[in-house]
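Trainee: Protein chains in written order, with my numbering: chain D, 105 to 505; chain A, 105 to 505.
Hints were generated in silico from the structure; no laboratory data involved.
Each hint can be trusted.
Identical copies go unnamed one by one, so any copy, or any two together, can satisfy a pair.
Calculated pairs, EDC-like style, for lysine to aspartate or glutamate (alpha carbon to alpha carbon, straight line, at most 20 Å):
#, residue 1, residue 2
1, 134, 230
2, 207, 248
3, 192, 121
4, 207, 246
5, 233, 248
6, 167, 191
7, 461, 480
8, 293, 277
9, 122, 156
Number of protein chains: 2
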Amino acid sequence: MEVIVQKYGGTAVETVEKVQKIANGIIQRKKEGYSIVVVVSAMGKTTNRLIELANSVSAKPDKRELDMLMATGEQVSVSILSMVLKEKGYESISLTGFQAGIKTEGTHTKNKIIEIDIERIKNYLEEGKIVVVAGFQGINGEGDITTLGRGGSDTTAIALAAKLKCPCEIYTDVDGIYGVDPRLYPNAKKLDTICFEEMMEMSSLGAKVLETRSVEIGYRYNVPIYVASSHMDKKGTYIKEFDKQMEQKVITGLTISDDILMVTINHIPYSPENISNIFSSLSDREVNIDMISQTSPNNNRVNISFTTSKENETVVDEALNEQVKKISGIKVKKDSDVSKLSVVGMGMRNESGVASKMFKLFAENDIYFKLVTTSEISISYTINASDKQKAINAISKTFNL
Amino acid sequence: MEVIVQKYGGTAVETVEKVQKIANGIIQRKKEGYSIVVVVSAMGKTTNRLIELANSVSAKPDKRELDMLMATGEQVSVSILSMVLKEKGYESISLTGFQAGIKTEGTHTKNKIIEIDIERIKNYLEEGKIVVVAGFQGINGEGDITTLGRGGSDTTAIALAAKLKCPCEIYTDVDGIYGVDPRLYPNAKKLDTICFEEMMEMSSLGAKVLETRSVEIGYRYNVPIYVASSHMDKKGTYIKEFDKQMEQKVITGLTISDDILMVTINHIPYSPENISNIFSSLSDREVNIDMISQTSPNNNRVNISFTTSKENETVVDEALNEQVKKISGIKVKKDSDVSKLSVVGMGMRNESGVASKMFKLFAENDIYFKLVTTSEISISYTINASDKQKAINAISKTFNL
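Turn these sequences into a full structure, and let the hints guide you.
Mentor: Written out as C-alpha cells, the structure is:
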C-alpha cells in the first residue's frame, strides 16, 4: 500500500466549486493506485470570521475557548470534502484532529504535536477509504481541543506523513519555492528541488511558503515534501534530503523581512552584567531578538545593535527607558526604516568566498549595510529600506536566483 | 452542591447580544448559589444553513458526514457563551458532546443517548466552573460524532439532569405549556404544572414544545422540568411526577394535528391475510400509521380507515394501487381535509364519563367525527378541517383549558 498525504489550504477549499475541483485531483491520485490521506484547512476566510466573532464578545478572548471555536472551521471543510468524494462514488471518511489521534501540548492557539495515534487512519486506509483529516487541530492531555497556530495544517500533513512514512504534497496559493519572491524580482526562478536545511533556513528568515517547524518535521523524519499550486497546472518544488547530486548553487535563495526594528545602544559601560540586564529586561517582556551585533570595547564602553519585529516597539521602549535610568551614559537609537536581507545556500558550507562576493556586490552597488550575522548556511544583512530593491536585483542576477 | 441544568434554544443564542442577555440569567442563578450546567443549541438558523451547505454538494448528503458538519453549530455557540461568561468574570468551560461524555448509538442524524460519563462535568462543577455543554450531539462506539435529531438539545439537557440528579430548566420561544395552543384559542390558559404522563401524551399527539423522548427521560429518572421563556419575564410550567394533590382536571390539554391524511378502504374480503397484506405494503414503504379503525365485517366484507402524515400520500397511493390489483373489489377513498383532535388528562383514568361528555359536546355543536381512538389517558378524533375551530372553542371552554 503506497500512501500519499495531500494538504489543501483555505483558498483551495474556499467555495463548494473549488472543493469539487480538488476532489477530482484527489480521485486522480486514488485511481493511480495510491492510498490517500487528505488534510484540509478551513474554507477561505472562515478562521478570520470566527476570530472576529470571538472579538465581538471579548477584547481578549479566552484562548482555550478560541481553540474550541476555531476548530469548527476545519470540521466543516472535512465533512464537505468527504461528502463530495462520496457523491463522486469514492469511499471516504472525515476525521477531526482528535479522531485522527493527533495529540498536542503547549499554550492554546499555539500547540505542538507530540504524538499521533495512527491506527484509526491506517484501518480506514486498509478498507480503501480516502481519509480526510482536519488540519491545524488536535487534542491535549486534558481532553481539550487545541490548534497549532500559523501554518498548522502544513504541520498536521507533514507529521501524518512522517508517521505513515510516506511523501507529503502541499497544494497552496503559490506554485512552488522560488529562489527569491517573484513579487520582489519578477525574473525569479522556481526551484525544482531544495534541501531541508536550506528550506528551514529560508522559512525562519522570512520566506512565507512554509513555517519552519513544518519543514523541521520533514527534515527530522525525512518526509519528501512537494509544494505546488492547488490548480495543479505547473510543476512544483520538491523539498528533500540534501544530496550531493543536487545542483550545487552557492546561494539557493534570498529572503527579505521588512517588519524590522533596529535598535542600537551606544556607550554601554563594558561589563557582562550591563549587557545581561539589558537583554533580560527585553526577554522579560517576551521581546524576541533576531540579529545581535556587538563591537569590541573602546575606552571600556561597548556599542550593541539588535533587531526585533516592529510590533515590539512599545515594549522595547519601556524596557530600554528602564535601562537608561539604571546604566549611566547609555544612548538608545532606533531605526525602523530598514530591511533584513538574507542569502541561504548549502554551498556556503564549503565555499568560503560567499561573504566576500557579497561585500563586493554591496560595494559595487553603493549599498551600505548595518548589521551582519552569519549561520552555517546563511548570511543576513540589515540595510536601508531604500536600498532593498537595488540589493535584490543585484543579488538575484549575480547568483541566478 | 445544588446543581441546575439550564437549556437555551437556538433563538435565545441567535446573536451575540442575546448571548450576553442569557449570560446574565445564568450568572443570576450562579449568584443564588447553584452549580450550573448550561446546554445550548446552535446560534439561530445555523443548523439550517449547514444543511443547505451539505445539500449544495449532494442531493442526499452522507449522514455520518452530515452529523460531523451539523455538530459544529453547537461547538460555536458553547465557545462563544463560555467566552462571554469569562468576560463577565465567571469561571466557565465549554464542552462538545464527546467531551461531556455523551455516548450515543443508532442511525446518524437520529442517535439516542445510551450513557453519559459525567465525571468530567462533575469535576468542573466542583472547581466552581459554569459548564457549557453543546446540545444535540454525542459520540458513538466507533468514535464518530453523532447528532440526536429533533429536540436533541432538550434531550441532552434532561439526560444530563437525570445523571446529575437535579432539576432541568428549558428556556425556549414559548413561555410555558398551555392546555391548548394559544394561536388556536387566544383565551388558552398556561398550566402551572403538568405531570409527565400527560406531557408525554401531549407531545406524542402533536404539542410541539418538547419532544416525547425528552419528556420520557424526565419521567423515567424523575427529573423535574421547568419550561419557560428565555426572556425569563413570566412564570413558566413545571413538568413533574403525578401527585394526587395536583389540581384534578378531567382534561388537561387539547392538541391538534392538521397534517393528516385519512384513508378508507372499503369492501375488503374478510381475511386476516388481506388486512395483513395491506398494512405490510404500507410498512414496507416506511409509512407510519397513526389511528386505525375497523368496523365489524358485514357480508364477509370489512371497511378499514387509517390516518397517516400527508407527506406519505405518494407512497400510500403506490402501496394501495398494488393492493387494488391483488384484492378484488376493494375501493380506496382518501381525505386530506381532516384534522386530528386529541384530549389528554390523567383524570380519564378514573372518570369514565369523558368519552360521553365529548360525544355530547360534538352533538351539541353539530360536529361530525370520523375516526375515534383511545389510550388510557387520551381520546383522539378525526374531524373535518372545517369543524376544527368550532371544536377547539367548545372543548377549551367546557374544560377550562
